[in-house]
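Colleague: First to last, the protein sequences are chains A and B. Our numbering puts the first residue of the first sequence at 1, with every later residue one more than the last. Our numbering puts the first residue of the second sequence at 1001, with every later residue one more than the last.
No lab work stands behind these hints, which were simulated from the structure alone. Hints are not guaranteed to be accurate.
Each computed DSSO-like pair below joins lysine-lysine, with the alpha-carbon atoms no more than 27 Å apart [to be verified]:
(1) B/K1212 with A/K152
(2) A/K23 with B/K1242
(3) A/K135 with B/K1212
Cβ pair distances, simulated, as ranges [what the hints assert, rightly or not]:
(4) A/E71 with B/F1016: 32 to 38 Å
(5) B/A1112 with A/T15: 52 to 58 Å
(6) A/S21 with B/V1169: 45 to 51 Å
(7) B/M1092 with A/N176: 32 to 38 Å
(8) A/G27 with B/A1112: 26 to 32 Å
(9) B/P1116 with A/H189: 56 to 62 Å
(10) A/H121 with B/M1092: 30 to 36 Å
(11) A/H121 with B/F1016: 28 to 34 Å
(12) A/H121 with B/F1063: 42 to 48 Å
From the three backbone atoms N, C-alpha and C, an ideal C-beta is built for every residue, glycine too.
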Amino acid sequence: MIETRQLTKRYGDFTAVDAISFKVEPGQVLGFLGPNGAGKSTTMKMVAGFLAPTSGGATVAGFDVEQQPLEAKRVLGYLPEGAPSYGEMTVREFIDFIADVRGLTGERRFQRIDDAIGRLHLERVLEQPIDTLSKGFRRRVGLAGSILHDPKVLILDEPTDGLDPNQKQEVRTLINSMARDKTIIISTHLLEEVHAVCTRAIIIAGGRVLADATPSELEARSRYHQAVSLTAGNLQEAKDALAKVADIAAIEVDPQDNRITAFPKPGRSIFVAISDALKAQNVAVRELALEAGRLDEVFRTITQGATGKEART
Amino acid sequence: MSGTTTIFRRELRSYFSTPVAYVFIVIFLLLSGAFTFYLGNFYERGQADLQAFFTFHPWLYLFLVPAVSMRLWAEERKSGTIELLLTLPITMWQAVFGKFLAAWAFIAIALALTFPIWLTVNYLGSPDNGVVFASYLGSLLMAGAFLAIGSCLSASTRNQVVAFILTVVICFLLLLAGYPLVLDAIRAVAGQGLADAISGLSFLTHFASISKGVIDLRDLIYFVLMIGVWLYATAVVIDMKKAA
């Protein structure tokens, strides 16, 4: 479990993290979203015990990161931003070093090392110096180090940054496979990642929490939530048909591909009505889809609203 | 295995996994040889001792030890591994001490590789090997003090060049404080008392007295305190950066 209470970090006059409080339970994967410089990494660094908070505090599995740093660090696996590791070491040396520091011995040591190497597919590069590896491999080495001691709590700062789509998918599968009994926080720029791995998302901007909800709750805030989009053979015919549906609040046409999006009046459902209307008018439709909502649009609305507010004060 | 030992082993191994270690050792051996034979007039003195060899160690260390210590923390900060290191379950003190010990052991290895000169002088005559041993001990302690200063200054910046220059300057001042020319000037201006106080702070004074073969507890305490204080300062600097 991870809990922060009014966690705050100030650099002089600048407040990087402004009284952030949240709680993550085992089995949850919390996604940290936010523009660059929003305070995601600073928050994670404070929870991991690398930075000391200006005020407030954090606990990891019940251990206060300031008062009981060693106990907290023992149960925590942390991947810092950019996945730093000692470049002159080979992958095997690095993993052995982490195993030594983590106090892994005997049978369990072999088991854990094999597990981490296997999960991140590092078998081929074990004897290579980390400096000579590609960016994707270096990140996987860092990840292997952070999960080596099978930690109850995992904090991963941009774990998929710099990976190719296949590797991203593998890391997401890895996170999902560990999610059941662990408490996990990841930060990311990628909204699709929130869907793929997170059970909950926190949007941060300007050091403050602006939204804390499940990915689908966030989508429900989108203008596109419950909207219907379609592509018709004849644009005008389709528009005429839609004009007869009472619950439509607005219609937009994408000038690029003539895709029509119809927005419902608040609380109304328009999918069935539209599909009936189109059938009744015999409009040929190539595609008809109900939109779940667009996270990127929600993200933009929330974070830009916040920075606008700041500009005024 | 305790945290200090783990860090120590990793660090020491990392010295030898790059060419830097070998370059350093070769330069150290070449320079110490050159100083001994050309500047120290090893043969011309006609005495079976290593005075000519040890006299130049403070000046040799002045440039070579900061070259080792500059990377101790500055490199970790620059490459971001400091974040990895300080979020592992070890105390700050274990990290500071483990890294320091590894650097010290590395210099001890370089120093030990000067043994041919000891063999030479034993072949040529019969030196007082007690004095030679004391001098080696004094030299190693002095290197440790240089390193501890370098460790602290390396922790205060992410730029290795800045760390190097700051360390050289501070060590130079601490050497100068024991140099007869400087002490004479101070004595003339401020009197014997202040001159003694300043010379008591200097590496040179304590190193000179150990290398005469007299292992005085006060000299040992001086170097041990010097190392302890600067390592403590290293931990304080890192802690301050953490809270900054």
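Colleague: Each hint needs a verdict: does it hold in this structure or not?
Modeller: Checked hints:
{"no.": "1", "hint": "B/K1212 with A/K152", "result": "violated (59 Å)"}
{"no.": "2", "hint": "A/K23 with B/K1242", "result": "holds (24 Å)"}
{"no.": "3", "hint": "A/K135 with B/K1212", "result": "violated (56 Å)"}
{"no.": "4", "hint": "A/E71 with B/F1016: 32 to 38 Å", "result": "holds (35 Å)"}
{"no.": "5", "hint": "B/A1112 with A/T15: 52 to 58 Å", "result": "holds (54 Å)"}
{"no.": "6", "hint": "A/S21 with B/V1169: 45 to 51 Å", "result": "holds (47 Å)"}
{"no.": "7", "hint": "B/M1092 with A/N176: 32 to 38 Å", "result": "holds (36 Å)"}
{"no.": "8", "hint": "A/G27 with B/A1112: 26 to 32 Å", "result": "violated (56 Å)"}
{"no.": "9", "hint": "B/P1116 with A/H189: 56 to 62 Å", "result": "holds (60 Å)"}
{"no.": "10", "hint": "A/H121 with B/M1092: 30 to 36 Å", "result": "holds (35 Å)"}
{"no.": "11", "hint": "A/H121 with B/F1016: 28 to 34 Å", "result": "holds (30 Å)"}
{"no.": "12", "hint": "A/H121 with B/F1063: 42 to 48 Å", "result": "holds (46 Å)"}
Checked against the numbered hints listed earlier, the structure breaks hints 1, 3, 8; every other hint is satisfied.
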